[in-house]
Amino acid sequence: MSYEELLTETALSDDRFIVMTAENRALVRNIPAKLGNRFIDTGITEQTMVGAAAGLALRGRIPVIHALASFLSMRAFEFVRTDAGIPNLPVKLSSFIPGFLSDGNGPTHQALEDISLMRGIPNITVFAPADEDDLVKMLPQIWNHPNPSYVRINTRKTDYQHTPFEWGKAEIIAKGDDVTILTYGLLFEQALIATDILKKEGLSVGLINIRSLKPIDERAILEATRDSSLTVTLEDHFLTGGLYSIVAELLLKHGLTANILPIALNEKWFKPSLLPNVLEYEGFTGKQIAEKILGYKTFYKQPEISIPQFSE
Amino acid sequence: MQFTTTHINQLEATALNVREHIIKMSTDGGCFVGASLSAADLIVYLYSDFLNINKNNLDDPNRDYLFLSKGHDVPALYGTFAELGLLEKERLKNHLSVNDHIYWHPNTKIPGIEFHSGSLGHLPSVAIGVAMDIKIKGGTNKVVCIMGDGELNEGTCWEAVLVANAYKLDNLIFVIDRNQFQANMATEDLVPLEPLYDKFTAFGAAVKRINGHSFEALHEAFSAYPFQTSKLNVVIADTVRGRGLPSIESRADRWFCNFTSSEVEDLLKELHGEHLTQLTSETLVVR
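These protein sequences, in sequence, are chains A and B.
The first sequence runs 1 to 312 under the numbering used here.
The second sequence runs 313 to 599 under the numbering used here.
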């Protein structure tokens, strides 16, 4: 089932649902004809759309709202925080082309701080599916939960069949003594490739599809850091504020430490190009990830948060 | 500058070359062809005749400025830069390569591009800042900001008009590429903009509405700059999305195009007046 089919089915069976977009129709192409006046396109007005979604939610509706990730999470940020976060209204954000998925668009369209921003808003829940199968498995619970939500929409098809989604739980793909990769979103595909390479090198490798960034599965992460010699946080997000930060906060909260290798974008935007070229150029292919892990020697050495002098 | 028939022919020849560059960039990943073609004549006219910007004066604080706010029409700017000597023509082949800086939205690594864009409704305000400083310093440079009509959905565009009016920025010109379409549909079918002339006038601007594909009309309008003392200048340039390629002109489903190489060959012939192109590549790849 596709994202659009699931949304259509959900909205047709429950008339509380309203589908909204700020003129981003890629995910909802056929919905206007199906939903009639429960489809609302506000034009290129992300802030107004979020405010209107709050108004609809005040009246008992569940608005599922669409825009490009960078504009939904950043341009409309204060509207999300103030109009959906403060009153804890069930406004459901579907963010299109987050992270590396914005491929050739350039830094204006690169949402690489969205996890950081959205999880910082009280009441808002945050999710990042590995692929379309993972996405459609998690959305029913997200949409029926009373809180507002932010979902990094990822409709890429893979052959992987995910386990059913459990609220607040990560999907533990494998456990390993030597290394465990924690990841979310489209990099799950690359992590699977990296895992295979590392296994061939004789390592015992774990892999966790985080799925839910907030609430976070504390137990899964703490067990991985306890049972593996090395834990890798792999994400198409800035180093600051995403999964690496979440793991760091969690370890500190429990008075623990661990060997962590973060793979993320450290104070930089990525080179705009088509997705396969982006992954290769930035060092995020499965093979490159495996090489980084194999080359990791220095325990307890964490990266500097660099302050580079450059402009895009 | 003498606005002779010879000169008009030169501008038209340049614009035709720019359109060729745009079409050649619409494959191997594609680009926003329609919006680039609608803005091509405007951009060629402004750099050729109106703006004091060339490869030798980019560091001169007294030169003029052009801000491309709609952003996704940047292939028209790359093409114009290539024709006017600001960018090597060979580099256009690097579109979307990780080894260059030529991609779907503008960035300042290309000399001559003033500011990155792609998030709509940002550059009207950046242009205001530049125009304000020019006013403070008593300069005579002109500041142009090209905006899309769909972009006018964003509230910040209208805040910018109010603020430009408050600060009497008659050195600033907002040019609207009024091609009647936004990503998915006609502007008037979604969030209607008309009567657009009256809206800008009511917000305090001095407005001209012209045919954005006529170099005579562009010349006549911009020759009248500043349109009125102490008022923001606005030019609504009526254009056709996809101008030059009847196969895609004003088609809602041809916004972002990633044509096959054989389609590109046919579209280049179509540009030069031959038969329409049979398009079979995927449509509605909406970004």
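No lab work stands behind these hints, which were simulated from the structure alone.
We put the beta carbon where it would ideally sit given N, CA and C, even for glycine.
Take these hints with a grain of salt, some might be off.
Using 20 Å as the maximum straight-line C-alpha spacing, the simulated EDC-like pairs for lysine to aspartate or glutamate come out as follows [claimed, not checked]:
1. B:Lys421 to A:Glu282
2. A:Lys175 to A:Glu223
3. A:Lys157 to A:Asp133
4. B:Lys520 to B:Asp361
5. B:Lys405 to B:Asp361
6. B:Lys520 to B:Asp550
7. A:Lys287 to A:Glu189
8. B:Lys405 to B:Glu332
9. B:Lys543 to B:Glu532
10. B:Lys421 to A:Glu267
11. B:Lys421 to B:Asp376
12. B:Lys543 to B:Asp510
13. A:Lys268 to B:Asp412
14. A:Lys34 to B:Glu426
15. B:Lys543 to B:Glu402
16. A:Lys271 to B:Asp412
17. B:Lys367 to B:Glu426
18. A:Lys271 to B:Asp510
Listed next, with one range per pair, are the computed distances between beta-carbon atoms [to be verified]:
19. B:Ala498 to A:Trp269: 28 to 36 Å
20. B:Thr318 to A:Trp269: 20 to 28 Å
21. B:Thr420 to A:Lys157: 52 to 60 Å
22. A:Trp269 to B:Gly451: 27 to 35 Å
23. A:Lys287 to B:Asn368: 45 to 53 Å
Verification of the hints:
1. B:Lys421 to A:Glu282: Status holds; Cα separation ~19 Å.
2. A:Lys175 to A:Glu223: holds, 9 Å
3. A:Lys157 to A:Asp133: Since the Cα atoms of Lys157 (chain A) and Asp133 (chain A) sit roughly 7 Å apart, the hinted pair holds (cutoff 20 Å).
4. B:Lys520 to B:Asp361: holds, 18 Å
5. B:Lys405 to B:Asp361: Violated. Lys405 (chain B) to Asp361 (chain B) sits at ~27 Å, over the 20 Å cutoff.
6. B:Lys520 to B:Asp550: Holds, at about 11 Å.
7. A:Lys287 to A:Glu189: Holds, at roughly 11 Å.
8. B:Lys405 to B:Glu332: holds, 12 Å
9. B:Lys543 to B:Glu532: holds, 19 Å
10. B:Lys421 to A:Glu267: Given pair Lys421 (chain B), Glu267 (chain A) holds - Cα atoms ~18 Å apart, limit 20 Å.
11. B:Lys421 to B:Asp376: holds, 19 Å
12. B:Lys543 to B:Asp510: holds, 15 Å
13. A:Lys268 to B:Asp412: holds, 17 Å
14. A:Lys34 to B:Glu426: Violated, because 44 Å separates the two Cα atoms, which is more than 20 Å.
15. B:Lys543 to B:Glu402: violated, 42 Å
16. A:Lys271 to B:Asp412: holds, 9 Å
17. B:Lys367 to B:Glu426: OK: Lys367 (chain B) and Glu426 (chain B) at ~13 Å, within 20 Å.
18. A:Lys271 to B:Asp510: violated, 43 Å
19. B:Ala498 to A:Trp269: 28 to 36 Å: holds, 34 Å
20. B:Thr318 to A:Trp269: 20 to 28 Å: violated, 46 Å
21. B:Thr420 to A:Lys157: 52 to 60 Å: Violated, since Thr420 (chain B) and Lys157 (chain A) (Cβ atoms, about 37 Å apart) do not stay within the stated range.
22. A:Trp269 to B:Gly451: 27 to 35 Å: Holds, since Trp269 (chain A) and Gly451 (chain B) (Cβ atoms, about 33 Å apart) stay within the stated range.
23. A:Lys287 to B:Asn368: 45 to 53 Å: holds, 47 Å
Comparing the model with each numbered hint stated earlier shows that hints 5, 14, 15, 18, 20, 21 do not hold.
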